[in-house]
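Starting from the known structure of chain A, fit chain B onto it as the hints suggest.
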Amino acid sequence: KQEVTQIPAALSVPEGENLVLNCSFTDSAIYNLQWFRQDPGKGLTSLLLIQSSQREQTSGRLNASLDKSSGRSTLYIAASQPGDSATYLCALDMGGGETSGSRLTFGEGTQLTVNP
Amino acid sequence: DAGITQSPRHKVTETGTPVTLRCHQTENHRYMYWYRQDPGHGLRLIHYSYGVKDTDKGEVSDGYSVSRSKTEDFLLTLESATSSQTSVYFCAITPHRQGEAFFGQGTRLTVV
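Sequence lines, in order, name chains A and B. If you're matching positions, the first sequence starts at 12 in the numbering used here and goes up one per residue. If you're matching positions, the second sequence starts at 2 in the numbering used here and goes up one per residue.
If we strip away everything but chain A, and leave its shape as in the complex, we get:
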């Protein structure tokens, strides 16, 4: 069974700092990995999707990398801002056939606070 771990559970940084969030997984036979952001009391917002054949994806100040062999993904946030404060979740899709869809296994998230 795939297990996903996100460490640390919480992180507090001053505004402007570059930071890295970690996601590790036990089964490297993944199809893709997705990073989400969740604000308190809200739904999940998709940030980046990395296919298993890719090494990284970038969107604005965000860069996500994937190393399947070591079972790790990182989300790099450059020049952090107070508006980046949220919980960040990683989720893995193990793939499957037409009747499998994209069933995700989630980590518990890292709660990020960026202080002004």
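In short, the hints are calculated from the structure, not lab data. Treat the hints with care, as some may be off.
[Stated by the list, open to error] Here are the computed lysine-lysine pairs in the DSS-like style, where the Cα-Cα straight-line distance is at most 25 Å:
hint	chain 1	residue 1	chain 2	residue 2
1	B	Lys54	B	Lys71
2	A	Lys79	A	Lys12
3	B	Lys71	B	Lys58
4	B	Lys54	A	Lys53
5	B	Lys58	B	Lys12
6	A	Lys12	B	Lys58
What follows is chain B alone, placed relative to chain A:
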């Protein structure tokens, strides 16, 4: 927001009563999912659908049933609610079989 609407957004119900949560999408995507989110467990898959009348179980399906009679609606039913089903429920869709997932705003359910 991928056109996903969950209703109700909040509900308080009594133990033993039936409850139905609705997920509505406007884009006619084939794949829809129900997850629950709990402290200490993260999000876990309850049931999913790969087409009209085509559904299957996820990791935590006991005590839940689903129905999908038309493409745009995916219903989650708690036949007899228990306190352990107090949770936040999220509906999701994927426009493609394996691809980016988009989530609704969630339904906070409290069973007293």
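We went through each hint and held it up to the structure:
At most 25 Å may separate the alpha-carbon atoms for a hinted pair to count; lysine 54(B) and lysine 71(B) meet this at roughly 8 Å. Distance hint between lysine 79(A) and lysine 12(A) is fulfilled; the C-alpha atoms sit about 16 Å from each other, no more than 25 Å. Distance check on the hinted pair: lysine 71(B) and lysine 58(B) sit about 19 Å apart at the alpha-carbon level, within 25 Å; holds. Distance hint between lysine 54(B) and lysine 53(A) is unfulfilled; the C-alpha atoms sit about 29 Å from each other, more than 25 Å.
For the suggested pair lysine 58(B) and lysine 12(B), the alpha carbons sit about 24 Å apart, so the restraint of at most 25 Å is met. At roughly 16 Å between alpha-carbon atoms, lysine 12(A) and lysine 58(B) fall within 25 Å of each other, so this suggested pair holds.
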